[in-house]
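Undergrad: Chains as they are written, first to last, in this note's numbering: chain C, 1 to 369; chain B, 1001 to 1591; chain R, 2001 to 2413.
Accuracy of the hints is not assured; some may be wrong.
To be verified - Below, a list of computed lysine-lysine pairs in the DSSO-like style, where the Cα atoms sit at most 30 Å apart:
hint	chain 1	residue 1	chain 2	residue 2
1	C	K66	C	K251
2	C	K302	C	K214
3	B	K1252	B	K1210
4	C	K171	R	K2285
5	R	K2356	C	K171
6	C	K251	R	K2242
7	R	K2285	R	K2324
8	R	K2356	C	K191
9	B	K1403	R	K2140
10	R	K2140	R	K2356
Hints in this document: simulated from the structure, not taken from any laboratory.
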Amino acid sequence: MGPAANLNPDDLSPTQVAVILANAILGTGILTLPRLLAVAMDTPDGWVPIMIGGLIVIAFASWLVKIGSRYPGQTFFDYSPTLFGVWLSRLIVGVMIVYFVCIAAYEVRVLAEVVDMFLLEQTPKSVIIITMMCVSAYLVFGGIGAISRMCGLLLPLTVLVLFFCFALSMKSFDANNLRPVLGEGVYPVLKGIWPSAMNFLGFEIMYILPGRMKHPKKAYRAVWYGIIIVVAVYSFSYIAVIGGLSTEATKTVTWPLISLIRSFEYTGILFERFDSFLMAIWIMQIYTAFMLFHYLLVSSLKVFGVRRPYGGAFAVLPVIYILAMLPRSTFAILSLFRYVEYLFLFTIGVVPALCMVMNWIRRRSQHEA
Amino acid sequence: MRILHNMVMIMRDLSLLKIPTWDIWLAAGFSFLAPYLVYRLFHWLGTNEQFMKRWKSLKSKPKASAQPTLCSQLRQPPEKTEDEAMLHRSLNQNVDAICKQIGDNTDLYLRPFQFGQHMKAMLLYMDCATDKQLLDEFVLKPLMRLSSDGVTDRMDPNRFVRRLRLEWIPMSELEDTASLTRSISAMLVGSAVLLVDGSDHAILIGAKTKLLRAIDEPSTEALVRGPRLGFIESLRANTVILRDRTNDPNFKVIGFELGQRNRKKVSLFYVQDIAQPELVEEVKRRISQIDVDDLPESGYIEQLIEDNYMSPFPQLQTTERPDRVIAGLLEGRVAIMLDGSPFALIAPVTFNMLLQTPEDYYTRWIPGSLLRVLRYVSAFVSLFGPALYIAFISFHQGLIPTKLAISMSGTREGVPFPPLVEALMMEIAIEILREAGLRLPKPVGQAVGLVGGLVIGTAAVEAHLVSPLMVIVVALTAITSFAIPQYEAGVAIRMLRFIVMFCAATLGLYGIILFILMLLTHVVKLKSFGLPYVSPAVPFRSNDWQDFLLRLPLFKLVLRPRMLKPQDQQRETDIAKKGGDRDGSGRQSQS
Amino acid sequence: MKPNCKLKLRRHLARWSCLLLASLVLPGCWDARMINQLSITSGVALDQAPPELMTEEGAVGRNNGNLPQNPDRLQVTFEIIIPKIASGMPSGSSTVKPFTNITVTGDTMHELTRRIALETNPIFAEHAKVILISRQLAEKVDLIRLLNMFYRDEGYRESCVIFLTESDAKSVFSVKGNDIPTDTIMSIADNQFRSTRVLPLLTLQKTMEKLTNGTSFVLQSLNVYNGKLMFHSGAVIDGATKRFTGYMGALEMQGLAWLHGKKTGGLVRIPEFEGKPSFVYEVKKMTSRIIPVVNGDQISFRVQIRSRGRISEDWRPLQITENKLDIERLLQDSRRDVEREIRLMTQKTLDLIQRKYQTDIIGCSNELRIHHPQVWAKVKPQWKRIFAEAPITVDVSVDIEDFGLENMQLQKR
């Protein structure tokens, strides 16, 4: 729209980057992480690996920022063909696309399972998934500016309502469930680091965000803020769940946080039961997480020469859908998550390393020339 | 080999080797087609012929440009345009030409007279459109006296006309023109034309009859506190009202004349050293591209320059209150007014403006803030009330308190319709009542509202058509929607309420959440003149939040809203000046 | 030609998308249920089927063999609210009970829930507040198995409260009067601050937590006496067998409250002792700490009980004295009496749970786990024996800070 476009360019500020990052990470983890940690560790010290995992993830995300800040104004998918050459970049991004599709499928399938279980028992899962994907596609067209505003609206709401729920769960909180602290030494903590780090997936969005910033250097700060928000949410949800349910009982329930919210009532005030609040904001979080992966997918298609974002945004939906509907049971979905870990490692470990190597080679050859 | 084997195992674990069944394929196809077709539908709605024309015209040359000011004319006289008819030297020819064009109007008046012996002159004007008393007193009287002096016979008619204008006609609004077209159009809107034989220049005498109604309290925006002053239909009067209340030399008025048939005056108001220049330019650009026959109301302008015509939300704010306009101007917005409409338009609009009133600032900050919060709450209830009722009563009976569930169940005993139908019936009835009451004369309208409400409410419950709880919900939504200060915003919420009711009836709470996400997505994508619609909320600027949900004390509101990127950021209060240095450095880096 | 084509295509697309929108909306409402067509259930009572029903072949829902065979058939009673009467609509007369009970007999819980659909509207249990288990059943059946279905099924909320009943569980639902029995139970349960005989409520979630952890605990037990409902006693559930073990007497309940130390309120009556008439100590605050002491292989516990309270009723003769020392002595004596009484009660409780039931319901295991996790891991398998043999010393200190409205100083004049 002519000069109007210059009035508010969609450059991201560090705060917005932090908010998008937190939104990309917070998703299924809010509900499942306490159980994963309880199963892996068998001690109530899960908040320690959550913090350690957060620090590790900050390191990796900063690595992505470092690579991205060499190419200001460009996302990974813009500069990877120049860095790797067209075909190698297509190969790498292809693997990443598989990963993105898997995660997106996982997110919507978990959404469908939970909604099916607690809100709409008879509604077909396909309806739940397809409607969610449509809403996501609508926002993906809006570009990163609209996405950042959306995340900025939803994240404060989420954090507010979540902490409200945690505060209410003090009714069934028993601090003894969280003791002893480090009673069995540090070995269980080590066992918990991997599952907790896995629940930070979503920070691959940092492949894109530094390129959309005016000052990519400020992204480091944004990474800290974003991950700290997530660590706070995760640790408080872990503490609330373990304190309310105890480690043993947490192991036996599929969605510990929902079980926790359902286990108390405040009779006599306007809302006796609070699972509707939790469900509402959790669905919104799944939406942002899914939408950001959808956005990642659409932008990654650039490497394959898909110029118009519209066609791409629609074309990936059936793929995600089929993958989401393939696992037969909740158990199969949750084990899908286990296998995605390899792709996750590739995306956040191998690819940045390759970038560094290529950068180094390029610079060497330039020096020699 | 090992890796391959592992992969096969993984895929078997995930049942990925299984070929998806036909229903999955079908749904997958659907998952592509559904959003794609919806997208196409809106694309089509967005580019049908009518609007294609408009977009084309947006790219074409401007249809009107800002009127030249008199100052600029002093320095550079207006150029003659080619196709304009010019005046002759002969009076008779001129009168003939005028009569040929507008002679068949019965209200055309010709008043011939003479200066001295030879010099014939003619005063032409439209009856009623021109103030005859003024003409008699200040034109005819001095001219008659002049002609009896007998000093004029030898003079060159053109010089004579010039002297007339400069020395003899004691009126302020005089214009010298050589154009016949200009003379005729001026005559049609109430000027008198003085033609002198032998001169190819005419004098246009602005003696327009003023049709003014009294300046009243604005009727669509009743006020509790603040000036009881509303705009009227005359642009001049409105400009006077605004000028009267702004002494700032930076307050600017830019005039346009729009409309191909009926030229209407449109004015653009802004404060030069506050409003962002790009914003002013963009508004000017859009206004100048308006291409219509006639502009009966400022609503036309609104619809022709807004960003997204598919949006339910107003992208220009309509107001009758001058104080609101001035407040907007001082925040860095611009205002547009049309001659003949008492409604001013303020642009750009942001989401928070829909629920604010000037009274928020006139009352003290605690009541002001609380009332504002109350309005946000009522907007929420008005939008989601019936939908939440439907979702909880027909989907999630387990998520409401036990006692409430039991009493809901008890009241719904014997009601034959599902909650959606029940709610639709009542909501539509209320909307009809409201619309009916709007058009009726005031006393009758109130009676209709009262009788209708009573009859429909009580009788429907007694007939077991609806449950009493539903009546409460509907009454609540109706009342809360009255608490929304902006009519357009209220209409938007009323429309959306029905959509969200359908969402709730299909997918319950999940449907409502999807609707909220859709709505947020729309709002987040919407821009009003380049400014994101949700601006005060996100991106987060602590300064703008001070005046968003709450209205902090005035001395806290030192800076103008950052979202509008005002040139002069500081509100010049004494307190602001004191704290100015502290903020100065920060501001530099921000902009 | 070409733009025309495009136009047609566009129109087609528009038509298709309209159709699609319609098809999206029309089949909707999969889950919509009218709220007045649900049987809102407020309580469930689990009984052992009476002998005459044991042999009856249920028409529906015989076990197919793929579920663990219950040795005892279940008889389940659902208390279903009649909303029209319960919500006080004018049409309901006051002599009609606002609820009905439906009793079904069968093998597994879920089958039974479904069987209701043959008789009335489907059970809607999200508003169930209470699950009652009869003592007979709790003696024979593993509670985890019994409560499993309630815990798994998202139709029941984890916030239901579990009670044991001395009589038949279903008889609780048919007590005299027109109040809804579950409401009565819940309102009595609110009195836990008034009496040590009302235990803190155990929700389904907490119960399952204790059962899966293998800790023993006490359930509130109800009884129907002369057609009236009353809170009866505490029922000890053994964490190892997950079955009912035995009741606690009134005094033991009081002792248990002191050992738990989590309650406020409650009275201690000091009986006649050394010829002195009794008085009543009203507890304002009580705290207790269990401190595990590990000395080599020897595990012992020290229970520290602190309490603040006042003398709320005094039957002793008035002692008219001006002497400050006398007042001091009176306070000392009273305090000593209260402490002795508390020690006596707790000792009785400890005797009962250590010697007779051999179940650790006071949370010694938890303290041991927290303070000595390694030791706990070692003794966990034979915890029952170790607990029964562990010496537990009780250390009470009471602070009387108030004499009620009747000031002792005033009495002296």
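Undergrad: None of the hints should be skipped; say for each whether it holds.
TA: Results for each hint:
no.	hint	in the structure
1	C:K66 with C:K251	39 Å, violated
2	C:K302 with C:K214	22 Å, holds
3	B:K1252 with B:K1210	24 Å, holds
4	C:K171 with R:K2285	19 Å, holds
5	R:K2356 with C:K171	34 Å, violated
6	C:K251 with R:K2242	19 Å, holds
7	R:K2285 with R:K2324	27 Å, holds
8	R:K2356 with C:K191	42 Å, violated
9	B:K1403 with R:K2140	36 Å, violated
10	R:K2140 with R:K2356	19 Å, holds
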